[in-house]
Amino acid sequence: MAVSDSETPRDALIATLCEMFRTLGFQGVSIGDISRQTGLGRSSLYYHFPGGKDDMAQSVARTAVDWVKANVIAPLNAPGDREHRTAAMLAGVETLFRDGQAPCLIASMTMAGAPPPVRDILAAALADWLAALEAMLVDTGASAESAQAAASTAISRIEGALIVARALNQPAVFAQQIAEARAGLMTA
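First residue of the sequence shown? That's 1 in my numbering, and the numbers climb one at a time after it.
These aren't lab readings, by the way, just hints derived from the structure by calculation. Even glycine gets a Cβ: it sits at the ideal position worked out from N, Cα and C. Watch out, some of these pointers could steer you wrong.
Unchecked claim - Derived EDC-like pairs (lysine to aspartate or glutamate); straight-line CA-CA distance at most 16 Å:
no., residue 1, residue 2
1, K53, D81
2, K53, E19
3, K69, D33
4, K69, E94
Said to hold, decoys possible - Here are the computed distance ranges between Cβ atoms for each label pair:
no., residue 1, residue 2, range
5, G41, T95, 46 to 54 Å
6, G80, D33, 39 to 47 Å
7, G51, A167, 27 to 35 Å
8, A74, A183, 48 to 56 Å
9, A183, S44, 43 to 51 Å
10, K69, G32, 47 to 55 Å
11, A144, D81, 40 to 48 Å
12, L168, S43, 40 to 48 Å
13, A149, A12, 37 to 45 Å
14, D139, I31, 30 to 38 Å
15, D54, P79, 21 to 29 Å
16, S35, A135, 40 to 48 Å
17, Q176, P79, 23 to 31 Å
Work out the full structure, taking the sequences as your base and the hints as a guide.
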């Protein structure tokens, strides 16, 4: 997930926070860690995020969701055939997860004690991705039943492959499952 060249100091801070929360989870990151990583004192951090760590996590979640909506979900809603829409979505997925080498923020935050508002933001994004994928499949000729099965299988395959690829330090596992997900979506 990249931040634009025209980023503000707060945007740069959110990008750093995203990497920290993504890698270490909510409970694995302390305000002291954030201060050391960013070079900002606690008062500066609270200036940008008056609600503290929970506010930081919500800002990270919203920023990540905005990126996913633009780069993973939007291609599914764009005009075009199933092959092109799927390819564009999967290109976003590969970028998001750095070809299987970057952790999933949803997994990192939800398994590591993020507060309910953060989990709700991330769960809604996952539900939106699933719904958009199902809708694209129906729009391109799949039955509702087959679209639901193919979409949930594809997303489960992607998320599961990410865990396996990272745990075994074998990004090829992720690439293989992306190809399998693509094939499954093409035949739905």
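Evaluated hints:
no.: 1; hint: K53 to D81; result: 43 Å, violated
no.: 2; hint: K53 to E19; result: 14 Å, holds
no.: 3; hint: K69 to D33; result: 29 Å, violated
no.: 4; hint: K69 to E94; result: 14 Å, holds
no.: 5; hint: G41 to T95: 46 to 54 Å; result: 34 Å, violated
no.: 6; hint: G80 to D33: 39 to 47 Å; result: 43 Å, holds
no.: 7; hint: G51 to A167: 27 to 35 Å; result: 33 Å, holds
no.: 8; hint: A74 to A183: 48 to 56 Å; result: 23 Å, violated
no.: 9; hint: A183 to S44: 43 to 51 Å; result: 49 Å, holds
no.: 10; hint: K69 to G32: 47 to 55 Å; result: 33 Å, violated
no.: 11; hint: A144 to D81: 40 to 48 Å; result: 19 Å, violated
no.: 12; hint: L168 to S43: 40 to 48 Å; result: 43 Å, holds
no.: 13; hint: A149 to A12: 37 to 45 Å; result: 42 Å, holds
no.: 14; hint: D139 to I31: 30 to 38 Å; result: 46 Å, violated
no.: 15; hint: D54 to P79: 21 to 29 Å; result: 40 Å, violated
no.: 16; hint: S35 to A135: 40 to 48 Å; result: 43 Å, holds
no.: 17; hint: Q176 to P79: 23 to 31 Å; result: 30 Å, holds
The structure fails hints 1, 3, 5, 8, 10, 11, 14 and 15 (numbered hints given earlier, in ascending order).
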